[in-house]
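Protein chains: 2
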Amino acid sequence: MPDKAIVLSSGGIDSSTAMAIAKSKGKEIYSLSFRYGQRHSIEIKASKKIAQSLGAKAHKIIDIDLRQFGGSALTDDINVPKHDTVDDIDANQIPITYVPARNTIFLSYAMAWAEVLKATSIYIGVTAVDYSGYPDCRPQFIEAFEKMANLATRTGITKEAVLKIETPLIHLSKADIIRTGVDLGVDYGLTTSCYDPDALGRSCGSCESCLHRIKGFKEAGIKDPTLYY
Amino acid sequence: MPDKAIVLSSGGIDSSTAMAIAKSKGKEIYSLSFRYGQRHSIEIKASKKIAQSLGAKAHKIIDIDLRQFGGSALTDDINVPKHDTVDDIDANQIPITYVPARNTIFLSYAMAWAEVLKATSIYIGVTAVDYSGYPDCRPQFIEAFEKMANLATRTGITKEAVLKIETPLIHLSKADIIRTGVDLGVDYGLTTSCYDPDALGRSCGSCESCLHRIKGFKEAGIKDPTLYY
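Top to bottom, those sequences are chains A and B.
According to numbering that gives the first Met the number 0, the first sequence holds residues 0 to 228 in order.
According to numbering that gives the first Met the number 0, the second sequence holds residues 0 to 228 in order.
A hint or two may mislead.
Just so you know, same-sequence chains aren't split out, so a pair can sit in one copy or run between any two.
Stated by the list, open to error - Below 20 Å or equal to it, Euclidean Cα-Cα: the simulated SDA-like pairs (lysine to any residue) are:
{"id": "1", "residue 1": "LYS117", "residue 2": "TYR133"}
{"id": "2", "residue 1": "LYS59", "residue 2": "TYR35"}
{"id": "3", "residue 1": "LYS163", "residue 2": "ARG153"}
{"id": "4", "residue 1": "LYS117", "residue 2": "GLN67"}
{"id": "5", "residue 1": "LYS24", "residue 2": "ALA57"}
{"id": "6", "residue 1": "LYS146", "residue 2": "ASN102"}
{"id": "7", "residue 1": "LYS59", "residue 2": "GLY36"}
{"id": "8", "residue 1": "LYS81", "residue 2": "ASN149"}
{"id": "9", "residue 1": "LYS56", "residue 2": "GLN67"}
{"id": "10", "residue 1": "LYS163", "residue 2": "GLN139"}
{"id": "11", "residue 1": "LYS117", "residue 2": "ARG66"}
{"id": "12", "residue 1": "LYS56", "residue 2": "ILE213"}
{"id": "13", "residue 1": "LYS22", "residue 2": "LYS146"}
{"id": "14", "residue 1": "LYS3", "residue 2": "GLN67"}
{"id": "15", "residue 1": "LYS3", "residue 2": "ARG137"}
Since the hints were derived computationally from the structure, they do not count as laboratory data.
Keep in mind the model is a prediction, meaning the values are calculated, not measured.
Generate the whole structure from the sequences, applying the supplied hints.
Spelled out as structure tokens, the structure:
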């Protein structure tokens, strides 16, 4: 029987590539997405298409209401900041698009599902290169989460299996991620990155997430299939 | 300004006592409860009354659907096991009432709220004495969570404030918890412990949670105000 892996999927470039990598390692894929009050809920549709295209065994969408707490431009009525280029973003500031505790909550749900399925790994597409400076994307956070997870669950007592948090993109640039995904057959036309898409699902091209995407495709020398408004 | 504390509240003896202890330390209380598909949702009503009686500044109830993953008698259509006495429960087995990742998910939400409020502590009424053998009630889990939490959040980068996970009951027996709460004015008549209450909200008296409660009141020499069916 193949090992089971939970893959956190946001319908974007990084998580889709992480899913393709898990698949290339022979894992049986259980895709997990969240409706968390994000204004860019179009990513849920993208995550469904990605899971299907990569042959996921199951795809669950969990409703969690992070708007109850507030504190982020992605969930509140705060405008998503726009910039001309990536270099205009202050790299020393945690941006207003940061959602408090988001990755911790996502990983905690993944941990619950992993325990029930007896999955041995959780894939998360975080990267410490070309990223937005979110504290919960750093390697030291992932390591601490993995340690905690193995104490939190049944396996922490029975030692039956150990849960690994896999971050295959952690040291890759956006361009490298895109090259890897293209090699593995990811259809990036199915993915979406924009924090502020229009009603037709087209991307703004000027939020930090779009800018990272555009720069990545450019550096990889690959045509960006995204429609921008 | 008083320090803010998030208190995880299930409407039971332990979390209500933890809230009273936080209050006695001068904390401003932010009570947090979860509707997680538990069959004993009467505990949500109890948690509201407790928060009110202990003067909480706010009380939030978060909907999370742990039934999507299954794997527990508290959320699935599995009968809650009944016993004659506490000694009939196999202490070396993790019981079927264990809900995978529950405390991790609860603490992750608390962490999100703490970050937004700039609260410096989260109180959780776990105890390593007279408990049900759940892996996510052990001190080593709490320590690992605290370490992870301080890396996961804005404070992990800015070093503005450190988040403490407070477990004031960790080394107390149920009887000691009850004595402490009575000293601090907790009205245990407002609390509920039963995993399998009847339609009138009365307790079964024979699930593991009721048995721990009954034993605790008996050992403390205090009258149990609970109605049993």
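Structure-based check of all given hints:
1. When the C-alpha separation of LYS117 and TYR133 is checked against a cutoff of 20 Å, the pair qualifies only between copies, where the shortest distance is 17 Å, while the shortest distance within a copy is 30 Å.
2. Within a single copy, LYS59 and TYR35 get their C-alpha atoms as close as 14 Å, and across copies as close as 17 Å, so both meet the 20 Å cut-off.
3. With identical chains, the CA atoms of LYS163 and ARG153 are at most 20 Å apart within one copy only, with a shortest distance of 15 Å there and 25 Å across copies.
4. With identical chains, the CA atoms of LYS117 and GLN67 are at most 20 Å apart between copies only, with a shortest distance of 15 Å across copies and 32 Å within one.
5. Taking the shortest alpha-carbon separations for LYS24 and ALA57, only the intra-copy value of 18 Å comes in at or below 20 Å, while the best inter-copy value is 48 Å.
6. For a Cα distance limit of 20 Å, the shortest separation of LYS146 from ASN102 qualifies both inside one copy, at 15 Å, and across copies, at 15 Å.
7. Taking CA atoms no more than 20 Å apart as the test, LYS59 paired with GLY36 passes in both settings, with 16 Å inside one copy and 17 Å between copies.
8. Proximity of LYS81 and ASN149 under a CA criterion of 20 Å is satisfied in neither setting, with 40 Å inside one chain copy and 30 Å between copies.
9. In this assembly of identical chains, the alpha carbons of LYS56 and GLN67 lie at most 20 Å apart only when taken from different copies (16 Å versus 32 Å within one copy).
10. In the homo-oligomer, the alpha carbons of LYS163 and GLN139 lie at most 20 Å apart both inside one protomer (14 Å) and across protomers (18 Å), since each shortest distance falls under that limit.
11. Proximity of LYS117 and ARG66 under a CA criterion of 20 Å is satisfied inter-copy only: 17 Å between copies versus 31 Å inside one chain copy.
12. Taking the shortest alpha-carbon separations for LYS56 and ILE213, neither the intra-copy value of 31 Å nor the inter-copy value of 46 Å comes in at or below 20 Å.
13. Neither within a single protomer nor between protomers do LYS22 and LYS146 lie at most 20 Å apart by alpha-carbon distance, with minima of 25 Å and 32 Å respectively.
14. With identical chains, the CA atoms of LYS3 and GLN67 are at most 20 Å apart between copies only, with a shortest distance of 17 Å across copies and 33 Å within one.
15. For the identical chains of this complex, LYS3 and ARG137 are neighbours neither inside a copy (25 Å) nor across copies (27 Å), given an alpha-carbon limit of 20 Å.
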